[in-house]
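So the protein lines, in turn, are chains V and Z.
Everything in the first sequence is counted per the working numbering, starting at 1146 for the first residue and increasing by one.
Everything in the second sequence is counted per the working numbering, starting at 1146 for the first residue and increasing by one.
Source of the hints: derived by calculation from the structure; they are not laboratory data.
Since we're looking at a predicted model, the values are computed, not measured.
Heads up, some of the hints might be wrong.
As the list makes no split between identical chains, a pair holds if one copy fits it or if it spans any two.
[Unchecked claim] In silico lysine to aspartate or glutamate, EDC-like type, Cα no more than 16 Å apart, as pairs:
| no. | residue 1 | residue 2 |
| --- | --- | --- |
| 1 | K1447 | E1560 |
| 2 | K1284 | E1316 |
| 3 | K1182 | D1557 |
| 4 | K1298 | E1520 |
| 5 | K1481 | E1238 |
| 6 | K1516 | E1172 |
| 7 | K1447 | E1411 |
| 8 | K1274 | E1285 |
| 9 | K1271 | E1285 |
One letter stands for each residue in the lines below.
Number of protein chains: 2
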Amino acid sequence: MKKDFLYNEIAGNIADKIKTGVLKEGERLPSVRKLSKEHGISVNTAKRVFLELEAQSLVQSKPQSGYFISPRKYLKLPLPEASQPVPIANNSEPDELMSVYATMGRSDLTLFSIGVPSGNLLPLAKLKKEIVLATRAMKEGGTEYEPLQGNVKLRRMVAARSLAWEGNLKESDLITTNGCMNALALCMMALTKPGDTIALESPCYPGILQLALSLRLKVLEIATHPLTGIDIEALKQLLPKINVCLLVPNFNTPLGYCMPDESKKEIVALLADHHIPLIEDDLYGDLHFGPRRPKCCKSFDKDGYVLWCGSVSKTLAPGYRVGWVAPGRYKEQILKLKLIHVLSSPSVINEAVGNFLLTGRYENHLRYLRKTLQENYRKYVDAIAAYFPEGTKVSRPQGGLALWIELPDSIDTRELYNYALKKQISISPGRIFTLQDQFHNCMRLCIGLPWTDQLKLKLKQLGNLAKMIGRRS
Amino acid sequence: MKKDFLYNEIAGNIADKIKTGVLKEGERLPSVRKLSKEHGISVNTAKRVFLELEAQSLVQSKPQSGYFISPRKYLKLPLPEASQPVPIANNSEPDELMSVYATMGRSDLTLFSIGVPSGNLLPLAKLKKEIVLATRAMKEGGTEYEPLQGNVKLRRMVAARSLAWEGNLKESDLITTNGCMNALALCMMALTKPGDTIALESPCYPGILQLALSLRLKVLEIATHPLTGIDIEALKQLLPKINVCLLVPNFNTPLGYCMPDESKKEIVALLADHHIPLIEDDLYGDLHFGPRRPKCCKSFDKDGYVLWCGSVSKTLAPGYRVGWVAPGRYKEQILKLKLIHVLSSPSVINEAVGNFLLTGRYENHLRYLRKTLQENYRKYVDAIAAYFPEGTKVSRPQGGLALWIELPDSIDTRELYNYALKKQISISPGRIFTLQDQFHNCMRLCIGLPWTDQLKLKLKQLGNLAKMIGRRS
């Protein structure tokens, strides 16, 4: 669309001016009305320009005053390097995983390591009410099995929401699962046999790596760029070796990138040409900092090769274990595996979430959560700029819950993990995001914790520990 | 123990007299006091004699009148044949499974096919109350992840209840799962690699067969006796071929047998000698018709080779998906797989079930449920004796939810399944309980549906359809 093109171009021009220092820190931008007149565009298009710049954290809005250029200290932090994994399928295993996850549920720690929003950011009272109402309303109180395909209300609402990203799903296209990991597991089991090769983004969420290993797959880690995601050329080269591909294209953890629409379209066509199924993990898609919910690979799926997976675990209730998959041409296989491995999900919980989505409260909540996460992101980056060692690089997430930090080469984040734990801080060391010899000086921090002075202090402590390790080595 | 020996011997003598017709249908047995005097045993031991006979459905108690010999028509129905599977590991698949399970949740059908208690037999109001209370009481309303090992209250209560069968578990021995099938899946994944051979009872619950196939295992079906379970001699012969064994020793579905304590002890020792892990599926253990909860293989597990699995799916709430495993020496492997495949269970549900067990309401409910199931069993058998074809054989479950019916050879239960479905009746044809060419004339009926005239009519219709098929062939 012409309008899309225009607002992207204007936003790009302003972004360049900010990055090159033509526009200075703290400077006020022209008003929406003025921008609209200057470029001969509609007020709505002008608004979008600002929202886009805000999504990139280049500008900040102040109530009743307009938009201002974000502080320089944020922009000074460079991006992490593009990953350069070895293009050889691998199944050797990092050994830190269990210790990191053993901290799950420990209330004495500051859990930068767990990639979910804190309970303080969730609509707990409303959710509790929905559970109570669903429990009372259901004839057998949720003690009965669900239909195999899963709760109808929930599927209907997930289908309805897919219109926003041009997924155009119907409720019959969807199968509910026990959270998104369960959806991914069913997909991997349905599509692979032991010894097969799965292509994943590098760095990759450790749970996905471990899942692949537990199914005795070989893992091919594909290079990524920290802003645009998987390197399509690298993927192309390796296609003959690949049996199945799994991507987290929207606000990937740990890097937070959003793959451009054109890349999504290209990858879907490429994989379909080679009859390679694509498992799309879209559990962060609703957590966009920008004005619009991004499209998915599934949006471009003409031939049913894309298995689109999602959940409310990152937006509403990690502990509910409510997820789903739209498995395209693989529906029968997924249903059969669900029957064998899952049978049914807890029906009260699924009914309650279905009702919650139905009321529109979900959209209100998402607006609040997205705003908070983006504000958190800026505050984290400010703290990192202030407290972390010289030479620290930070990802520029366009949504989601994760910040990827690349410390100077000399700092091993496994060592940092151990020191931090003694100060009641838990981080995810970079080494668990790969099966290769990479990311020793990297870590992921979750930005889903509510911002407090205490949290800032923890980031300061973490920075000091990193500096201490850097000095010593 | 001497007392045990005495009551078993006396009960055995009376049972023989009933079976051989020395004691006649409807005849009244001596009172507890009289029996106690006659044999010089305590009143309690005498009571046990009657409870044991009642468990075998040989006698019935009438309030204020004492015990009477059960009607002959019940006793006339012979037992099904002992199974004779081919002793060769197999992985060919029956194709009826999906259609049977597609009927799950269909309220227009009489679901003899689904092996769970009907909602009418469950303490729905009390469970609903527990869910509401837990939702309100939990700080984050259950939106948070549980600790990896699972809800502490639930584990504590399952451990406490294990004293009754001399399991003597501690809460730290247990890991919660999403229902019992999930526990079995984690165990199989932890203990096997593709191509390994798993030994199972024949006939076997189809979900277990399918689970083994989905993990690319070869299945070795072992012969069973309809009253005592697996044929230990047959198992012994095949030990060198076996990597892992899975048994449902207590009130097995479909046959309903309870493996004698001595057999459990022998099998545990035998498998431990050969370092073969035993996955014990004990989800029916609390549904004993007799006076005492049977022991488990886990009761005799000295070396940690037994992975004891259970749930409340067959006793309290199928749809809650609350289960657990005490994995013995395999705890680390199971925890790791739980992290990858499950991560967390819905915490509200697990907390609510933990609380329910804590109140002692569970024991009250179990007493009611057991009594109802045993009454149902008798009524089913009466109806089958009245309406089913000449030559029909019926299992004599000592607990649980299943009745296994062997029709005359000429009647194919796949055909019966199709005819029955047209009359809104769903059954489980025998062919889905094996990967071999067996059980074409068998079927499983669930006795967990509330007894009504309508249900009796459905059994009559089923019997008539079977007769019709028998006449035609």
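Now for the hints, and whether the structure bears them out:
no.: 1; hint: K1447 / E1560; result: neither (47 Å within a copy, 40 Å between copies)
no.: 2; hint: K1284 / E1316; result: neither (23 Å within a copy, 33 Å between copies)
no.: 3; hint: K1182 / D1557; result: neither (53 Å within a copy, 81 Å between copies)
no.: 4; hint: K1298 / E1520; result: neither (33 Å within a copy, 38 Å between copies)
no.: 5; hint: K1481 / E1238; result: between (30 Å within a copy, 13 Å between copies)
no.: 6; hint: K1516 / E1172; result: neither (22 Å within a copy, 79 Å between copies)
no.: 7; hint: K1447 / E1411; result: within (12 Å within a copy, 59 Å between copies)
no.: 8; hint: K1274 / E1285; result: between (18 Å within a copy, 12 Å between copies)
no.: 9; hint: K1271 / E1285; result: between (23 Å within a copy, 11 Å between copies)
When held up to the earlier numbered hints, the structure conflicts with 1, 2, 3, 4, 6 and fits the remainder.
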